[in-house]
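*Asks:* Since the structure of chain W is provided, determine the placement of chain B on it from the hints.
Below are the chains, spelled out letter by letter.
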Amino acid sequence: MEEDKVDVANKVAELAVDSSDSATGETISKNALKKEAKKKKLEEERLRKEEEKKKKAAAKPKEQAQKPLAGDDEDLDPTQYFENRIKSLASVKAAGVNPYPHKFDVKMTISEYIEQYQSLSDGEHLKDVKVKLSGRVMNKRSSSLKLYFYDLYGGGVKVQVMADARDYDLDEAEFSRLHSGVKRGDIVGICGYPGKSKRGELSIFPKSFLVLSPCLHMMPRQKAGTATENASAKKSEGVWIPGMTRNPETYVLKDQETRYRQRYLDLMLNNEVRQIFKTRSRIISYIRRFLDNLDFLEVETPMMNMIAGGAAAKPFVTYHNELNMKLFMRIAPELYLKELVVGGLDRVYEIGKQFRNEGIDLTHNPEFTTCEFYMAFADYNDLMEITEQMLSGMVKELTGGYKVKYHANGVDKDPIEIDFTPPFRRLEMIQGLETMANLDIPKDLSSDAANKYLVDACAKFDVKCPPPQTTARLLDKLVGHFLEETCVNPTFIINHPEIMSPLAKWHRSKPGLTERFELFVNKREVCNAYTELNDPVVQRERFAEQLKDRQSGDDEAMPLDETFCTALEYGLPPTGGWGLGIDRLTMLFTDSQNIKEVLLFPAMKPQDDLPVKANEAAQ
Amino acid sequence: MDAVRLWRATSGPFRLLMFHSAPSWSASTGVAALRTARTSRDARIRCCSSNVAAPASAAPAASGAPDRRRGKSASTSDRDSIRAIRLKKVEELRSKGHEPYAYKWDRSHTTQHIQDLYSYLGNGEECKEVFVSISGRVVARRQFGKLAFLTLRDDSGIIQLYCEKESLQDDQFEHLKAFVDVGDIVGASGSIKKTEKGELSIHVKSFAILTKSLLPLPDKYHGLTDIDKRYRQRYIDMIANPEVANVFRVRAKIVSEVRKTMESLGFIEVETPVLQGAAGGAEARPFVTYHNSLGRDLFLRIATELHLKRMLVGGLEKIYEIGRIFRNEGISTRHNPEFTTIELYEAYSDYQSMMNMAEEIVTRCAQVIHGKLNIEYQGTEICLERPWRRETMHNLVKEHTGINFTDFGDDVEAAKEAAIKALGIGSEDKDSLFIQTCPSVGHVLNEVFELVVEPNLVQPTFVLDYPVEISPLAKPHRRHSGLTERFELFICGRELANAFSELTDPMDQRARLEEQVKQHNEKRAAINPPKDLSEEKEKDADDDAYEVTLDEDFITSLEYGMPPASGMGLGIDRLVMLLTNSASIRDVIAFPVLKIQQ
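Chains as they are written, first to last, in our numbering: chain W, 1 to 619; chain B, 1 to 598.
No wet-lab data here; the hints were simulated from the structure.
There's no promise every hint is true.
[As the list claims (entries may be wrong)] Partner residues are not named here, just some residues of chain W that face chain B (Cβ under 7 Å, in silico):
1. LEU297
2. THR318
3. ASN321
4. LEU323
[Unchecked claim] Derived SDA-like pairs (lysine to any residue); straight-line CA-CA distance at most 25 Å:
5. W:LYS93 - B:ARG512
6. W:LYS605 - B:GLY295
7. B:LYS205 - B:ASP116
Note that the Cβ used here is the ideal one computed from N, Cα and C, for glycine as well.
Chain W extracted, bound-state conformation (with noise of 0.2 Å):
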């Protein structure tokens, strides 16, 4: 009886996919198989998207005539499918069934199964052992009535499954009944045994199936047996690691707005985006490990305000009604974590979101996340050396190694490769930038004639600076095409001129320059740290100027916060203060190059088909 099934199992298990056998199952018709495959996947790239639409209408009361429930209905239109779907979830649910149980108690997860079981010799089987697992269902396959395999699906992790019907207590009407109604996508909990197929593919042979939540959409496809999609499952299977490269186009799911605007579907179908999401996570636990290491206190500040400062940007506005006030949501944290370090709180930080009313491009998203921290005593030149341990550290311990591999120059390019060995290269702005562009740029910087030589300087190398043309953006173009450009790996550039700083403190001995630094990897700013400006009356001036550049058509220039210099004449003590931009840093450890690749839920723009209003729905 058990031989007969084993013989069973294995005649079928070539129907599996089976990665161990990708290489002899494959012979003769390799480039045609894919080149099907491919062309499949553009016809249900097309039959998804046409399904996307007619879903909105489906939503809306059924004026479609029935239609007989197929068996396997994969070549339906998906809007038929749906409607099978809701067709078969309403009878059930009129037997008196609830499709949608509350509890299954799962007894163990997937990754728990194989590492338990793995062990198990080809063709052993563990018939006294019960086990619960539970998953979504990816791909379905049977041979017969009696026999279906599926392959199950949780964290991140793959077990087959092989039902046959000699294992349970139905008979075997009942038996191919319950399993032509699993469609892909289910999810399902099963109890059954532990067991290993002659070919050493690790199963589960259930004795009771049943779907707890029912998937009612077709799910694009997993295809299985070509030699690109084994590589491409293997590699999902939890052998990216931060630091490798990724390539979006070889997922299975690839259309980006599909992919940003579901993105349940894209952490279902590619598996290295769940792996993206856990490094964006392991980024954020490491700052805050090696942060609270060296005695910082996380504190939550506000992220309405009733000014936004602490930064230079176009605020998002809202309105209290019943206070009847206006708001800004912060743009920055720094103000008010300067303010409670002035209150005694030596070391703080904040890891949060910021929001800023701007366009949305490969970098840019109105709300992204930063660390901020505040360290009372310390200058620019301790917070380089932190900067420098903090990501050399995260790095180390997120790869292995110093260097992380990024297709700078888009996928179909070579990666470069970025060395995080510290220390980092150290980079003098206005001393660099006349050493590389071959200027000399009048010391006072705040005057007519600096304004007047930069305004030259950029006609000359022919770099756009839109108006206002104030001496701060000038210097800001100019570095960013001469500097920025040099600054592959990582690169401080520092001793930014007061004009550009307002809230840096002045250099101790470069006049005109402040204690001032940005960390900049693959040509785009990381962090952003400098001494800080403690002197109330010379922090009064600075926004005094800030005031004359806003009048001038600058509506980045920060606004003065009286209750910030109040602080000030308080007292501030000497500190070093430092910002990072978290989006942008996993960007980088994880090889993406837009930043919607690292947010879960992006923003994106609407969509022409609008969310139906619920008032109107309710109709």
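*Replies:* Showing chain B alone in chain W's frame:
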């Protein structure tokens, strides 16, 4: 009303400030003006928009805007004169080649560290061979001829600086006498000495002013008791009342412990959007904003629920988010427009397991903070020993009122009648009017529960099985029709957590959300139109004059199948209030939202 309460709260302490001076403090400053400066009131506050807009040059003048309620115009000029004197010191220091705003100071120890290491010294004993370096704020000073004592406070605690003329280099003692004021941040180094009186001190060999303060600190002994100012200028509050800073240290510990708990159970932390196309997951008035480049209105999230559930669909089986939630509602001792919650979701669990989770989180935090489970909150002993009481809403209402709501079936009118009778209120009573508007028996039950039962749930209690009408996202109860598998956790009469077995059926979910929208719109329509409304009513109408939309995309995600799961939201601010014995949410939020000050 609020203003009156505020006035009462502040007027008492204010009198105290007038008559009690702190001799050691004012005598040592050497600035006569300081004596009255204690009564100064800083009228420049965060929420005062007219002042914040003032250009920098006009700032000193603007700062003098007197507080009309107290009519103390004199204090402002005192404050200004102190400021002027200290600004002069800044100049003098610079002219002598000392930068009054130093760049950095290398600390070898914190004050607490020194207290721990050298407390064993006997009175009068000195450790001449050690050399330590510390920094912090001068909070008090006394001076006797060639001897000066400064009390220095840093993040960890306080220590005395023992400054002897002959131990200090050059003219540093004169420098100290002339330039150091209470409030300045200084660095000092020297050896360790316990004075004859038993005070552990730094025997200072050299010191430096690191940051010159320009404004006087509030009274040392009575601290800052002006409640309004405490919230508006939290940093002064923290300088004057070190225990305030402690609340935020404890808060950080609690949040960190919650995270540790989640991580130890295999949960992953995620971030979902604050700005959303439709604000769902709860019933509350959202904040609206406008995104310029997208050209559309966006709402600030009122819950993280719907996006976290999408992650369950996506196969992340244990997730949580600790984050800010925004509700455009009134402020009170329990409500701030932005507040912090943790929401967590676990696949294949149900609300029973979430109750254990709630117990786990709260008790772990209590253990970390108090080292015990019997804690005191506002004079009441709270016992957090597990297990906590679990009782259904129906039974609790029956227990407190004698009404068995299961008797009413669908008969709303009968339920209303019984409720109003049991509450013993007249038909014109506010609560009575509110009950009259309840659209279902479930709503009436909830109303009675909130009025009668809630305030009595002092010891931790899980209230189970809420009516389906008021629980649009919870799964129907597996045994009792009309109810859901939902609980709320109450401690000290306050809701601390809300959890349910999640509704996974997309059809049911759609129907429930549509019903919610319908009810909201009916309410809106009912209070809205006729123009002859009293102001009161207009305000009510305004309260509901926001639009509720259905998050279609969320329902689509459910159609792809969400595993059976349960989820919980727990208010972090309220948890911190409980564990820090704080009466108001404003005590646990560093910068609470306050009314605009006139």
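*Asks:* Indicate, hint by hint, whether the structure satisfies it.
*Replies:* Tested hints:
no.: 1; hint: LEU297; in the structure: holds (5 Å)
no.: 2; hint: THR318; in the structure: holds (4 Å)
no.: 3; hint: ASN321; in the structure: holds (6 Å)
no.: 4; hint: LEU323; in the structure: holds (6 Å)
no.: 5; hint: W:LYS93 - B:ARG512; in the structure: holds (17 Å)
no.: 6; hint: W:LYS605 - B:GLY295; in the structure: holds (9 Å)
no.: 7; hint: B:LYS205 - B:ASP116; in the structure: holds (21 Å)
Every hint from the earlier list agrees with this structure, and none is contradicted.
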